[in-house]
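Protein chains in written order, with my numbering: chain A, 8 to 120; chain B, 492 to 607.
Please keep in mind that the hints were generated in silico from the structure rather than gathered at the bench.
One thing to keep in mind: the hints can contain errors.
Which bits of chain A does chain B cover? Going by a derived footprint, with three or more residues having C-beta under 8 Å, they are [to be verified]: (1) 43-50; (2) 54-64; (3) 94-103; (4) 110-117.
Glycine included, C-beta positions come from ideal geometry on N, C-alpha and C.
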Amino acid sequence: EAAVTQSPRSKVAVTGGKVTLSCHQTNNHDYMYWYRQDTGHGLRLIHYSYVADSTEKGDIPDGYKASRPSQENFSLILELASLSQTAVYFCASSDGGSQNTLYFGAGTRLSVL
Amino acid sequence: GDSVTQTEGQVTVSESKSLIINCTYSTTSIAYPNLFWYVRYPGEGLQLLLKVITAGQKGSSRGFEATYNKETTSFHLQKASVQESDSAVYYCALGPYGGSGNKLIFGTGTLLSVKP
Numbered sequence: 008e009a010a011v012t013q014s015p016r017s018k019v020a021v022t023g024g025k026v027t028l029s030c031h032q033t034n035n036h037d038y039m040y041w042y043r044q045d046t047g048h049g050l051r052l053i054h055y056s057y058v059a060d061s062t063e064k065g066d067i068p069d070g071y072k073a074s075r076p077s078q079e080n081f082s083l084i085l086e087l088a089s090l091s092q093t094a095v096y097f098c099a100s101s102d103g104g105s106q107n108t109l110y111f112g113a114g115t116r117l118s119v120l
Numbered sequence: 492g493d494s495v496t497q498t499e500g501q502v503t504v505s506e507s508k509s510l511i512i513n514c515t516y517s518t519t520s521i522a523y524p525n526l527f528w529y530v531r532y533p534g535e536g537l538q539l540l541l542k543v544i545t546a547g548q549k550g551s552s553r554g555f556e557a558t559y560n561k562e563t564t565s566f567h568l569q570k571a572s573v574q575e576s577d578s579a580v581y582y583c584a585l586g587p588y589g590g591s592g593n594k595l596i597f598g599t600g601t602l603l604s605v606k607p
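Starting from the given sequences, assemble the full structure and let the hints guide the process.
The structure is reproduced here in structure tokens:
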């Protein structure tokens, strides 16, 4: 069965600190995505990738970097965490076709204090 | 721009009663939008509930139905008789946008609580 695993499941970080969220998929999918969700907002796309060693900016990339060292792994990096980055983060994978399903991880709840 | 609107943040329904969760969409950039409902059960990731890629068609899964109405730009989710196990957050989504990659625009989600 398709699987996307995120770690950690929750994290408390200090303002100005560095945070790395990790995502691993066993779906053999080319595309991987990072979304964030805040109260009152739908999921918003931060970064995505369609091949290893390459990443693309999504709709809200400011303050975030992404890394895709292999097909299976996709990380989201907050170099200088800020209060406004408190949110739930979801990773997803997909074949990339317009009708293909996105498979999501269970999410990471990040609190920046 | 493109957007998806879910007007209800939370809905509470008694078990065996009917359900409707509203979803409307707006798009200026997607010529032939696909519409989706995703569901997130407690402690799990979002998973696809149903999708419809052709206007006028109906999708169904696990007793849920949604019809792609291009005239009213709506894609409401309905179920005739809900169960306690249907308690979850439901997200309406529209896509793809922005070229390749199957990128989707999501609504804010509707939390469904089913009372026993």
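- Item | Given coverage of the region 43-50 of chain A by chain B, checked by CB-CB distance under 8 Å (3 or more) | n = 5 at 8 Å, threshold three: holds.
- Query: For the region 94-103 of chain A, do three or more residues have a beta carbon lying closer than 8 Å to a beta carbon of chain B?
  - Reply: Our answer is that it holds, as 5 residues pass the Cβ test (under 8 Å) against chain B, meeting three.
- With a Cβ-Cβ cutoff of 8 Å, does the region 110-117 of chain A contain at least three residues near chain B? Since three or more residues must qualify, the claim that chain B covers the region 110-117 of chain A holds, with 5 doing so at under 8 Å.
- Verify the coverage statement for the region 54-64 of chain A against chain B, using a C-beta to C-beta distance below 8 Å and requiring 3 or more qualifying residues. Answer holds; 3 residues pass the 8 Å Cβ test.
The structure is consistent with each of the numbered hints, conforming to all of them.
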